Amino acid sequence: MTARVGVVTFPGSLDDGDAARAVRVAGAQPVALWHDDADLKGVDAVILPGGFSYGDYLRCGAIARFAPVMAELIPAAESGSLPVLGICNGFQILCESHLLPGALTRNRSLHFINRQQRVRIESAGTAWTGGYSSGQEILVVLKSGEGNYVAAPETLDDLERTGRVVARYEGGAPNGSQREIAGISNEHGNVVGLMPHPEHAVDELTGPSADGLGFFTSVLAHATASAPVPAGPG
Amino acid sequence: MPDAPHLDTVATAETTPDTPLPYAELGMADDEYTRVREILGRRPTSAELAIYSVMWSEHCSYKSSKVHLRQFGEKAPQSDALLVGIGENAGVVDVGDGYAVTFKIESHNHPSYVEPHQGAATGVGGIVRDILTMGARPVAVLDALRFGPADAPDTRRVLPGVVSGISFYGNCLGLPNIGGELGFDAGYAANPLVNALCVGVMRHEDVKLAQAPGPGNKVVLFGATTGPDGIGGASVLASASFDDESHAKRPSVQVGDPFLEKLLIECSLELFREGLVVGIQDLGAAGVSCSTTELAAGGTGGMRIDLDRVPLRDSRLTPEEILMSESQERMMAIVEPDRLDAFMATCARWNILATEIGEVTDITAEEEKRGGRLVMSWHGETIVDLPPRTASDEGPVYHRPYSRPADQDALRENDPLRLRRPETDDELRDQVLRVLSAPGVCDPRWVTEQYDHYVRGNTVLATPDDGGMVRISEDTGRGVALATDGNGRYTRLDPYTGTQAGYAEAFRNVAATGARPLAVTNCLNFGSPEDPGVMWQFAESTRGLADACEVLGTPVTGGNVSFYNQTGETAIHPTPVIGVLGVIDDVTTRLRSSFSPDLDGAKIYLLGE
Amino acid sequence: MARVVVDVMLKPEILDPQGQAILGACDRLGFEGISDVRQGKRFEMEVDGEVDDARLEELRQLAATVLANPVIEDFELRVE
Amino acid sequence: MARVVVDVMLKPEILDPQGQAILGACDRLGFEGISDVRQGKRFEMEVDGEVDDARLEELRQLAATVLANPVIEDFELRVE
Ligand SMILES: Nc1ncnc2c1ncn2[C@@H]1O[C@H](COP(=O)(O)OP(=O)(O)O)[C@@H](O)[C@H]1O
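Chains as they are written, first to last, in our numbering: chain Y, 1 to 234; chain S, 235 to 843; chain V, 844 to 923; chain A, 924 to 1003.
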């Protein structure tokens, strides 16, 4: 049986269809999860997709954090058992939920940025990057208005020391992110937040490359390798 | 609450024929007002006047352009592809494999000058709802923009606001921006052009129309609450007929909520899928006035509306203001009574407010002859009782006088051949660099980088390619391509040929992607129709487009006219923006505008004269 | 050196989708008894020298052109 | 019915690009003598009933979890 990867749709999610497609292209089975259902449907991993959950009116991700589905997701992610990838708005939600440290703020230019972006994978030790080699450069899509990663200096040092900087922008951070950080993970390596969009780079017809596919094949390999994980208490 | 004695009911109107109404302030001509009185056989109530004044406005009735736009139908080339033609919210084109595509371009020029960010944002929102209303899922947008000189102080205010508005609204909706235009000319100072195009996809059988059949069916308003947005005009009416000072000042600015619109899109598509809607209309410029009269006119002709039930954001709104409000993100649906609960449940799932505000009624043969019967009540009193077709379909039609401007010859004679040619290599180099660095020619990345191109994962071509292309079926690889073009300078010099040049450029841009051009939409941005010179430009321009469409075999499926684009007395360059839609059977065969690095050694040919 | 604070709020008749979204969130989170929320901006400016009437007028001018959009927003200015 | 105002500002050590942009605009427009600008948010909430200490604590909780992100922002709350 192949891995089942949940994709959460919040009101205002936009890249949920793209994330599901990337899961399919990688050979896994996408499972639609609804923000208002406190039910992860026993999936092997979860993607929080890009978009503007709840309009992002207050702060990006601030309201989505309190959705019923997150009440199930947060403990499973914290325990290290459930692989979770937050892309763009998903990354923001993970930070707002304190599953990842730091915060994402307005791009330094104050403008939304949509472009093809070179990114260096710094850590192949997570559930989502096992298929890459550390130091590998990939070409993906960056599209966000609040992608500027900030954290306290001690937090940044800690992230570097423990190898939790997952990806960095090549050629300088276009949004002003500290230490060119494009993605980070939690200490278990199961929760990854990423500002650029790998799901928009799974096919050269509609994206700049197919380099992003590795995130989805990695979690598939991870899920097949690990023993089946109980869905948590209850 | 408005004082009951001041309420202008139908009964009051019958007994007070001489009460003056501020029709002129609402932009209605004397003979138009006389015509309303004839239709009704009495003076209108202030609520009825509100309806007629917006429905018979240039914007809604096309009263000055209608006689010219007819050519698009009359000269239309025979096309099997056309499923729904001009007249509906947007035309629908068969693109094969059972798929249909609907697309349309619309202007939001004046609002974008007053409040660039919100004006441009709500421009995108409006055209997207037009496409949704046809039953289609919106899949991409394009934007054609014109500003004053790039270094003018006002451009610095307007351009960033317009771009951020389009970016904000389109990105939040999750619609890829796949192309457009950016132009600068002194003629657009204080009158920028903001034209937005949206394209949507559906199956043939899913086409929805604006009609209200079936007596007993419910009229449901859903989406945003109604507030005092964009009713500067209505305050004239409110204050003139009720002298209530709380209404003295109303904003003419509409504010958009793209998040709500995104929910409205998903909710509407689910309502369509579940078969819960028999007729639908978005609330555009003329709000409840437009949606009720058009739905009624397209159906039995009969409708009863209880205006008290319209959910309000500001409880002080008068019925006239409710009728004229331009609050965004609202739709009106006709729902069978036994489906109403299911309709409400779907809306609740998407957290969309939905309110039954009336029903479709039967009418007598006599009423049918008069143009149907639309009745509206307020606090139990009848304040509107009019034949809806007279408001929606039988507005005034003008044959405005037109004549070739006196300066046209002088303009034509001022030929570029008179300009000094570069004589040295340095001069030539300097000129080339000046052209390449001109704001309208150089890399538009500052603008286009603010637009999401990738969302939905079907964008095959976008900026910087000549035309945008989206895949519409992952199974078959079928796709559509779009481009918009228009050149105000050429059109000013020769409106007939200049318009054809814009069309030909858009046609070429689509053909260059590998797609087969199928259909045309257009946004005609002109000065005042009351100026015979402008009207001549308009007549020539529409004639040029209709003739060219006949020759190249693509029908015009819809569009939009924007008049009164002028700074003081000076009209803008006449600027028809033409959008061409093409189809491609397999998007993997698309062509890019750039030379591919793996074609090293290939030969380069120049085609054409 | 003085701190000048400018509060900018949408005019009451203008739709405030942000406030509405927050109100919705409060509801869902079970914070009851909040009947309206409006979101605006707050600017803190550090101004050199003394803020006399002329200077205040200048700052008010600044607020009206740079900080607030008078078409849709109202503002209040005060020295703290 | 009471109005509760919550002011949310970025922590001083966090870079505020919006404030910087405004400072730049002031310069360009020739407004002199402004040495710093910071942009934050202001929330106005209409709260039903009386705001006693318990209620205030609840609202502070709301501000700390929903209105402000304590990782990068500080807030102040007051009844007006
Ligand atoms: N306002 C805009 N919105 C989106 N795309 C735009 C806009 N302006 C220009 N573009 C895109 O930038 C590219 C270059 O535009 P332009 O210089 O007008 O091209 P051309 O001269 O080949 O028609 C095209 O892909 C066009 O679609």
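Hints listed in this document are in silico derivations from the structure and should not be mistaken for laboratory results. One thing to keep in mind: the hints can contain errors.
To be verified - Far from chain V by the CB rule (all over 12 Å, computed), these chain Y residues:
{"id": "1", "residue": "VAL25"}
{"id": "2", "residue": "LYS41"}
{"id": "3", "residue": "GLU187"}
{"id": "4", "residue": "GLU204"}
Unchecked claim - For the chain Y half of the interface with chain A, some residues (derived, Cβ under 7 Å), not all of them:
{"id": "5", "residue": "ARG59"}
{"id": "6", "residue": "ARG106"}
{"id": "7", "residue": "ARG108"}
{"id": "8", "residue": "LEU110"}
{"id": "9", "residue": "VAL150"}
{"id": "10", "residue": "ALA210"}
To be verified - DMTMM-like mimics (lysine to aspartate or glutamate), calculated; alpha carbons at most 25 Å apart, straight line:
{"id": "11", "chain 1": "V", "residue 1": "LYS854", "chain 2": "A", "residue 2": "GLU955"}
{"id": "12", "chain 1": "V", "residue 1": "LYS884", "chain 2": "A", "residue 2": "GLU996"}
{"id": "13", "chain 1": "S", "residue 1": "LYS300", "chain 2": "S", "residue 2": "GLU266"}
{"id": "14", "chain 1": "V", "residue 1": "LYS884", "chain 2": "V", "residue 2": "GLU919"}
{"id": "15", "chain 1": "V", "residue 1": "LYS884", "chain 2": "Y", "residue 2": "GLU146"}
Remember, it's a predicted structure, so these values are computed and weren't measured experimentally. Where is the CB? At the ideal position from N, CA and C, for every residue including glycine.
Okay, the hints, checked on the actual structure:
no.: 1; hint: VAL25; in the structure: 34 Å, holds
no.: 2; hint: LYS41; in the structure: 22 Å, holds
no.: 3; hint: GLU187; in the structure: 28 Å, holds
no.: 4; hint: GLU204; in the structure: 38 Å, holds
no.: 5; hint: ARG59; in the structure: 6 Å, holds
no.: 6; hint: ARG106; in the structure: 6 Å, holds
no.: 7; hint: ARG108; in the structure: 5 Å, holds
no.: 8; hint: LEU110; in the structure: 6 Å, holds
no.: 9; hint: VAL150; in the structure: 6 Å, holds
no.: 10; hint: ALA210; in the structure: 34 Å, violated
no.: 11; hint: V/LYS854 <-> A/GLU955; in the structure: 29 Å, violated
no.: 12; hint: V/LYS884 <-> A/GLU996; in the structure: 14 Å, holds
no.: 13; hint: S/LYS300 <-> S/GLU266; in the structure: 17 Å, holds
no.: 14; hint: V/LYS884 <-> V/GLU919; in the structure: 11 Å, holds
no.: 15; hint: V/LYS884 <-> Y/GLU146; in the structure: 18 Å, holds
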